[in-house]
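**Q** Remember, this note's numbering sits 1 above the position in the sequence shown when you count from 1.
Possibly wrong hints are sitting among the right ones.
Stated by the list, open to error - Listed next, with one range per pair, are the computed distances between beta-carbon atoms: (1) T35 to E113: 44 to 50 Å; (2) N209 to Q20: 29 to 35 Å; (3) Q84 to Q129: 32 to 38 Å; (4) P197 to S79: 14 to 20 Å.
To be verified - With a straight-line cut-off of 30 Å between C-alpha atoms, the simulated DSSO-like cross-links for lysine-lysine are: (5) K22 to K152; (6) K152 to K96; (7) K22 to K80; (8) K99 to K152; (9) K81 to K22; (10) K183 to K169; (11) K183 to K99; (12) K169 to K98; (13) K98 to K152; (14) K152 to K183; (15) K22 to K183; (16) K22 to K169; (17) K99 to K22; (18) K81 to K98; (19) K98 to K22.
In short, the hints are calculated from the structure, not lab data.
Treat the numbers as computed from the prediction; the structure is a model and nothing was measured.
Glycine is no exception: its CB is placed at the ideal position from the N, C-alpha and C atoms.
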Amino acid sequence: MTASISRVIQTNITATASQWKTATWEDYLAYRDTPNDNDNIGLCFNCDRLLVIDIAREGINHAIINNLFPMLFAIWFSKKSEQIFSLLGGCLLEKPKKQAASPDLMLYLGSEYPTWQTGERRYINLEQWRVPNLVGEISDTTLTIDLDEKKYLYAGLGIPEYWVVDVKGLRVFAFQLQSNGKYQECETSLALSGLPICLLNQTLERLNAETNGSAAMWFAQQIASLKKE
Numbered sequence: 002m003t004a005s006i007s008r009v010i011q012t013n014i015t016a017t018a019s020q021w022k023t024a025t026w027e028d029y030l031a032y033r034d035t036p037n038d039n040d041n042i043g044l045c046f047n048c049d050r051l052l053v054i055d056i057a058r059e060g061i062n063h064a065i066i067n068n069l070f071p072m073l074f075a076i077w078f079s080k081k082s083e084q085i086f087s088l089l090g091g092c093l094l095e096k097p098k099k100q101a102a103s104p105d106l107m108l109y110l111g112s113e114y115p116t117w118q119t120g121e122r123r124y125i126n127l128e129q130w131r132v133p134n135l136v137g138e139i140s141d142t143t144l145t146i147d148l149d150e151k152k153y154l155y156a157g158l159g160i161p162e163y164w165v166v167d168v169k170g171l172r173v174f175a176f177q178l179q180s181n182g183k184y185q186e187c188e189t190s191l192a193l194s195g196l197p198i199c200l201l202n203q204t205l206e207r208l209n210a211e212t213n214g215s216a217a218m219w220f221a222q223q224i225a226s227l228k229k230e
């Protein structure tokens, strides 16, 4: 019998002590560069504020959904074989001395995507590379932060599209960057052109009774029907 997301919800830690704190870029670098301690933390820096998130505390539900979305991206782009795409979720984005973040989801479209060469730092330097087309956060214990401070951070970085995936509510809040530099909620994805956000919500709802693999297969069937309409 498969365990539904509603039945494992109580195993998650309900809150973290993650809070934005006044800090310098050097404080951020100290966290980033500490050996063996940075594999299980998520880092954000915005001007003079630092956020450190204990990724290891996120639990089963976060993992279920975090692993679902790469499957959904792969299914979507399998129908668009001409589209070059690269997924780099979890990698640090840095605008040196100003801003940094490590989104759960990160999508680059086209041939100009970040690559790594021996001897280079293991981060995406936004003075060297363009911003991704889409970033997203899988929000279990950090929903308020992701819908508030992080939204301003990603808008400040100029990310065209931002998703917040509400683990407990099984829904996606999708935002597109406007000409005034602010995000506005949207019903259809820009990066995944033509994808209704409601279809993502319907896919998430299936986790109440199915595995993430089964939900992804259902999504594939819906995409096939969507393409025919």
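**Q** Hint by hint, say whether it matches the structure.
**A** Hint-by-hint comparison with the structure:
no.	hint	verdict
1	T35 to E113: 44 to 50 Å	violated, 32 Å
2	N209 to Q20: 29 to 35 Å	holds, 31 Å
3	Q84 to Q129: 32 to 38 Å	violated, 24 Å
4	P197 to S79: 14 to 20 Å	holds, 18 Å
5	K22 to K152	holds, 17 Å
6	K152 to K96	holds, 16 Å
7	K22 to K80	violated, 44 Å
8	K99 to K152	holds, 16 Å
9	K81 to K22	violated, 43 Å
10	K183 to K169	holds, 26 Å
11	K183 to K99	holds, 18 Å
12	K169 to K98	violated, 35 Å
13	K98 to K152	holds, 19 Å
14	K152 to K183	holds, 9 Å
15	K22 to K183	holds, 23 Å
16	K22 to K169	holds, 26 Å
17	K99 to K22	holds, 15 Å
18	K81 to K98	violated, 38 Å
19	K98 to K22	holds, 16 Å
In the structure shown, a violation is registered for the earlier hints numbered 1, 3, 7, 9, 12, 18, in ascending order.
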